[in-house]
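Chemist: Chain by chain, the residues run as shown.
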Amino acid sequence: MSDTTRPTDQGPTDQGPTDQIKTVTNPAGMVQSAASQEYTSIEHLILRVVMKVLFAPIIVFALYVQFHGDYGPGGGFQAGVIFAVAFILHALIFGLEATKKALPQGWLSVLMVVGVLLYAGTGVANMLLGGHLLDYDTIDPQSTHHAGQHYGILIVEFGVGVAVASTMLMIFYQFASREPEISDEEW
Amino acid sequence: MENDTVTLAEAATLAIDLSLLTLLFLVAYQMLKSRHLFAVVMLSGIYSLLSALFFVSLDAVDVAFTEAAVGAGISTVLMLAGMLLTARREKPLMPGRAPVAILVVFLVGAALMYATLDMPAFGDATAPANAYVGLQYIERTPNEIAVPNIVTAVLASYRGFDTLGETMVIFTAGVAVMLLLGAGSIKGGRQVKDVSDDGEAQQ
Chain A
1 MSDTTRPTDQ
11 GPTDQGPTDQ
21 IKTVTNPAGM
31 VQSAASQEYT
41 SIEHLILRVV
51 MKVLFAPIIV
61 FALYVQFHGD
71 YGPGGGFQAG
81 VIFAVAFILH
91 ALIFGLEATK
101 KALPQGWLSV
111 LMVVGVLLYA
121 GTGVANMLLG
131 GHLLDYDTID
141 PQSTHHAGQH
151 YGILIVEFGV
161 GVAVASTMLM
171 IFYQFASREP
181 EISDEEW
Chain B
1 MENDTVTLAE
11 AATLAIDLSL
21 LTLLFLVAYQ
31 MLKSRHLFAV
41 VMLSGIYSLL
51 SALFFVSLDA
61 VDVAFTEAAV
71 GAGISTVLML
81 AGMLLTARRE
91 KPLMPGRAPV
101 AILVVFLVGA
111 ALMYATLDMP
121 AFGDATAPAN
131 AYVGLQYIER
141 TPNEIAVPNI
151 VTAVLASYRG
161 FDTLGETMVI
171 FTAGVAVMLL
181 LGAGSIKGGR
191 QVKDVSDDGE
201 AQQ
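Those sequence lines, one after another, are chains A and B. Under this note's numbering, the first residue of the first sequence is numbered 1, with each subsequent residue one higher. Under this note's numbering, the first residue of the second sequence is numbered 1, with each subsequent residue one higher.
Looking at chain A on its own, in the form it has when it is part of the complex (with noise of 0.2 Å):
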């Protein structure tokens, strides 16, 4: 990432807003933004390697949480947040557009409505099946052991996981693709 054709506003001084729309209206910035993509050179190599070696556990790792949640620490929220993080860690180490790629943004949105979709689904089934809204008992109502509950328990927290990380990495799409991909040095 060749920071030549920038303007040379990494000076201790204030920049203000002047120097933002400098900044955005330059059209170096887009030659820059494509060639920041391509990966040809060495750069990053270390972050790289750690992230394709880490991403994989990631998700693993909020699987677990997510279908563990009824017996340890955890749940849809953390869950849906850890799962977002792999794909964040993902899009500031390969670029935005890489990431795109492997999760589309349309995905995003309809996946954000599945979630919710899902949770008021179970309690609206509960209250078909003759009970109150969110009343997991009328899943299983034979059942001694309450499997009713627990089935209850893990479809609303998977819906929740599904809303929560669709909807973090959705905000994250957007704030991160409202400005072309900035060089090193500006940071």
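Hints in this document: simulated from the structure, not taken from any laboratory. Any given hint could be a false lead.
Said to hold, decoys possible - Subject to a maximum C-alpha distance of 20 Å in a straight line, what follows is the list of computed SDA-like cross-link-like pairs (lysine to any residue): (1) K33/B x A87/B; (2) K33/B x Y47/B; (3) K100/A x I58/A; (4) K100/A x L80/B; (5) K100/A x V175/B; (6) K100/A x L37/B; (7) K100/A x V177/B; (8) K100/A x L181/B; (9) K100/A x V113/A; (10) K33/B x V105/B; (11) K33/B x M113/B; (12) K100/A x V110/A; (13) K33/B x L21/B; (14) K100/A x L78/B; (15) K33/B x P92/B; (16) K101/A x A56/A; (17) K33/B x G45/B; (18) K91/B x A15/B.
Chain A is already provided as a structure; the job is to place chain B on it using the hints.
Modeler: Same frame as chain A, now just chain B:
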């Protein structure tokens, strides 16, 4: 011998608590002092991690987990992304108003410290937080829900309606961000490309 180990454990707990609180104080002070927004964002992430540790020392693992994941993980990244849309440095402070502000802060702080004298001791069995509804949850969960983690039982079953509301809040926040930042730029039923993709100024 037994007496000795108890005091040792107590001393260790005190040392951990004190060092965590000191670190929290130092990080908060540094956040106030720094004008460099990148440093402030990073420090706020550190602050979240430290408070997560503090929650662990208060035995609130679920809260600590959430704080570490949401506070240190997601918020830091979102703050960084938000920082990209604005300046990198905070404007210098206007001089002259500091004495009044310090006075107000000290008065509020003193009032809060005075209020803590009335608070029940940590872990007090007769404290309101441990006595009424909390006790009911602890007594009933094994019979009514039968999941080992009572926090999950309260969150997803007893207070399932609250959690549904929380999920809705997150969903609404996501939709609001989409609307404000332009994912839903739909023209004639088709999604159109955002202007910022062409490198044009948005403001």
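Chemist: Are any of the numbered hints broken by this structure? If so, which, sorted upward?
Modeler: 6, 11 and 18
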